[in-house]
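J.: The chain contents come next:
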Amino acid sequence: MEKIVKKVNDEIKRGWLGPDHNCPYHPAHFTGQDCSFCYCPFFPCNDTTFGWELQGRHGAVWNCSDCLFIHRTPVVKFIYSEIERLGIEDAKDPRFNDIFKAAKERFWKKGKALMVVGATSDAGKSVTVAAICRILHDRGYLVAPFKSQNMSLNSKVTRTGAEIAMIQVLQAKAAGITNPDAHMNPILLKPKGDTVSQVMVCGKPFADYDVEGYYNEFVPGPGIEIVKEHVDFLKDRYDCVIMEGAGSPAEINIYDKDIANMRAAEIADANVILVVNVEWGGSFAYALGTVELIPEKDRKRIKGIILNNVRGNTENLRSGADRLEEITGIPVIGIIPHADVVLPSEDSEALRGVRSKGRGESLIGVIKFPRMANFTDLDPLFLEDVSTVFVEKPEDLKGVDAIVMPGTKNTVADYLWMQETGIADVIKGLWKKIPIVGICGGYQMMGKVLDDSNGIEAGKSAVYEGLGFFDNTTTFGEYAKQILRNEGKLAVGDGGEITGYELHMGISDVREKQPLVYLERFHADPVPEGCVREEDLTFGTYQHGIFDKPAFRKYFLSFVKHNGKPVDTSHAEDYDVTIEENLVKLAKVFEENMDVERLIDIAGVRE
Amino acid sequence: MSILFLGTSSGAGKTTVCAMVCRYLSRNGVDVAPFKGSNLSLNSIATKDGGEIGMGQAFQAWAAGIEPETDMNPVLLKPSGKGVIQLVLNGRPYKNITKDDPMDRGMTLQEVKKAYDRMNERHRLVLCEGSGSPVELNLMDTDLANVGLMRVTGVPAILVGDIERGGVFAAIYGTWKLIPDELKPQMKGFIINRFRGDGSILRSAIGHIESLTGMKCLGVLRYEYLRFPEEDSLSSSDGKLEGNDVHTAFISNLDEMIAHAEEDGFDFDGLKKICGL
Ligand code: SF4
Chain A
1 MEKIVKKVND
11 EIKRGWLGPD
21 HNCPYHPAHF
31 TGQDCSFCYC
41 PFFPCNDTTF
51 GWELQGRHGA
61 VWNCSDCLFI
71 HRTPVVKFIY
81 SEIERLGIED
91 AKDPRFNDIF
101 KAAKERFWKK
111 GKALMVVGAT
121 SDAGKSVTVA
131 AICRILHDRG
141 YLVAPFKSQN
151 MSLNSKVTRT
161 GAEIAMIQVL
171 QAKAAGITNP
181 DAHMNPILLK
191 PKGDTVSQVM
201 VCGKPFADYD
211 VEGYYNEFVP
221 GPGIEIVKEH
231 VDFLKDRYDC
241 VIMEGAGSPA
251 EINIYDKDIA
261 NMRAAEIADA
271 NVILVVNVEW
281 GGSFAYALGT
291 VELIPEKDRK
301 RIKGIILNNV
311 RGNTENLRSG
321 ADRLEEITGI
331 PVIGIIPHAD
341 VVLPSEDSEA
351 LRGVRSKGRG
361 ESLIGVIKFP
371 RMANFTDLDP
381 LFLEDVSTVF
391 VEKPEDLKGV
401 DAIVMPGTKN
411 TVADYLWMQE
421 TGIADVIKGL
431 WKKIPIVGIC
441 GGYQMMGKVL
451 DDSNGIEAGK
461 SAVYEGLGFF
471 DNTTTFGEYA
481 KQILRNEGKL
491 AVGDGGEITG
501 YELHMGISDV
511 REKQPLVYLE
521 RFHADPVPEG
531 CVREEDLTFG
541 TYQHGIFDKP
551 AFRKYFLSFV
561 KHNGKPVDTS
571 HAEDYDVTIE
581 ENLVKLAKVF
591 EENMDVERLI
601 DIAGVRE
Chain B
1 MSILFLGTSS
11 GAGKTTVCAM
21 VCRYLSRNGV
31 DVAPFKGSNL
41 SLNSIATKDG
51 GEIGMGQAFQ
61 AWAAGIEPET
71 DMNPVLLKPS
81 GKGVIQLVLN
91 GRPYKNITKD
101 DPMDRGMTLQ
111 EVKKAYDRMN
121 ERHRLVLCEG
131 SGSPVELNLM
141 DTDLANVGLM
151 RVTGVPAILV
161 GDIERGGVFA
171 AIYGTWKLIP
181 DELKPQMKGF
191 IINRFRGDGS
201 ILRSAIGHIE
211 SLTGMKCLGV
221 LRYEYLRFPE
231 EDSLSSSDGK
241 LEGNDVHTAF
251 ISNLDEMIAH
261 AEEDGFDFDG
271 LKKICGL
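As they're listed, the protein sequences go chains A and B.
Read in this note's numbering, the first sequence has 137 at position 137, and its numbers run on one by one without any break.
Read in this note's numbering, the second sequence has 97 at position 97, and its numbers run on one by one without any break.
Derived from the structure by calculation, the hints contain no laboratory data.
One or more of the hints may lead you astray.
Only pairs whose alpha carbons sit at most 27 Å apart, straight line, appear in this in silico DSSO-like list of lysine-lysine [unchecked claim]:
hint, chain 1, residue 1, chain 2, residue 2
1, B, K177, A, K297
2, A, K303, B, K177
3, A, K357, A, K448
4, B, K82, A, K357
5, A, K393, A, K428
Start from the sequences, fold in the hints, and give me the full structure.
T.: Next up, the structure:
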């Protein structure tokens, strides 16, 4: 506490600062934040609109990590003007209580919510939310993405160790938010088999449900309350919550049990925008049918329609759009051309049945595990000058110049699949001839032993012989490891920077000499991680996202040769930079083809 | 007699469903033949009479146990790049159409009608396939293969919706709603295509759509891994679908599809009734 008082006294003396681009942590909360009060003069305000009480080891602590209020410039300027007016010189001055009350009174109001629903599952909801987040953020609004319920195997870890869908993390980036959190995706369903999903609540495992159990027990029970709580949390802190629906909102057979669409809009009191993908045709029918099948009481929330993904001249659709407006009484607020952007997508090509992609000469075989997880890891690799084939049977490996074994939701089950299909044997035959890299689950399989004597992975106790490329033993227990963000350096090659995150069951006893990376640790020695046998062209790591920074991509691809010719990686770029560029591009396409003023009105944020 | 299969979008599965019905009816001794008024496609096939038609109709003809002929697809539009589309009329290249030199819709619709009539004279049942969605508000007035054909022939229609992408009930209801009122009585039924899972969960929704539209649901077809010949403009094969193997494989795929449909209680009798058989 004394430390805070001293810091605040300094801040009082120093005066207004604005965004502090010299701070190594900047922006710790959001792009454009005001950093004048890195330490808050109101601490602890005990107001749960902004902070909350954390039960620590030494009793309750006031937690300010989610508070954005103190980083808004008008608030900060007001505080300084009050400090000056009242002649306050010390952080302990009781009049800060009055300033706090006055500041809240003047500058805080409950945020609004806007929901984007899609006429079909591939309507383009996710990118529309990302584009809206960026457009509003650029205009100075503080916005947060939200999806009540997401079914996905592509998740990321938040700074508090919670797991949320990758796509909300991307949208948060579009909104300029530095630390996406589980409030933005409170319910995450991770499909386990054909009918059962692991339900994660607020980023932590909650329970397993089959479809029926989910809709009949979870949804009417805890489900609705969860949506309420988290939307409300975000509305306290942001000007607008941009919500994403799931699938179509007009699935009338489950309408009453659906908490991802209109029900969520009702809970959040959100206006709704309907997005329709024009590409496949029938968009007017999809739009009208969706609007009309939604019951009257919810239908009136729909305030705008976006016709998305138009190839060719958008003007050709104008007359149809006018007719649609007339028939539905809902304005078409945007006719958006196909946006040629490179962004990670939930609608993975691998899952859509695409068998190969890319135009480079070198062919990379990606093992398409039935339970493949976090496959967006590989997106940066696909941007290089290579071709990719998704391997489902041994023949698919014909002619590949390298193999990638990605992560999986269930290492043992997918390892057994690989053995049954015969893919494992072909990989063994190619070992030492072409480069092979394993990530997370794929890395575990490369070891000598997969010890599932607890039956965690396959449901029965057994110990399996792995591929044996590395002298490692992986043991599966109830323990799961989750690390938000590792930073480090390659232990090989040019020693370049890498980042990654970890998300796995099982721990590996590594007996290899050469690690792949050294992970930096605060005030401690770097930790070696992963394995390399360069002479065997074999590489493995637990780091998801290892391809994001160019260093590992360049290193790995330097071993990949097609007819003796290595892959040209001279243009390799940091994937974060690529994403940012593409978010800018995406927002621009939407901005130029959408009535943004109308959007702002519908969002309800206009001052 | 004839019947028209419409789709709620391109890729909804009209082509395959038509082929399946061709196969089913021909197996049951019905003299059936496929027809598509107008086709936008790069995948064409040469007929024995020296003409050119869309590949989908050729496969459907084989499914019906007959040889492809030009009347099965009187208008074939082949995009040749740079905004130019080659119009193949009655199997022969007719002219290049551009923005400044558009197609004469009145004339082509007449040709479509004539070919349709000739087909009807030669075959007991003509099984027509629509093109894209029938209710593109910006294109409906000039439509040939969907509402255009319905208008000039009075043919009864069945709507095929793709459930895989979601929103199928909205798509079916919205399509029906946008069909001009005077043609609505021709809308007899709908089919839900590409379903995975237990169909009973759809029952209440299907009932709701039936009562809203008066159309009858003929059945829910399961997801099949049969996706060729691709008819829509979004995909192009390199014309390698000929040859005996592909032919036989295609037919046996259809047989399998029919077996699945029968197993799932598809209402073939209802379909026959709508066809007037
Ligand atoms: S929650 Fe916000 S306003 Fe309250 S003490 Fe913390 S930083 Fe200050």
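J.: Starting from the hint list further up, note which numbers the structure goes against and sort them upward.
T.: Hint 3 contradicted; others consistent.
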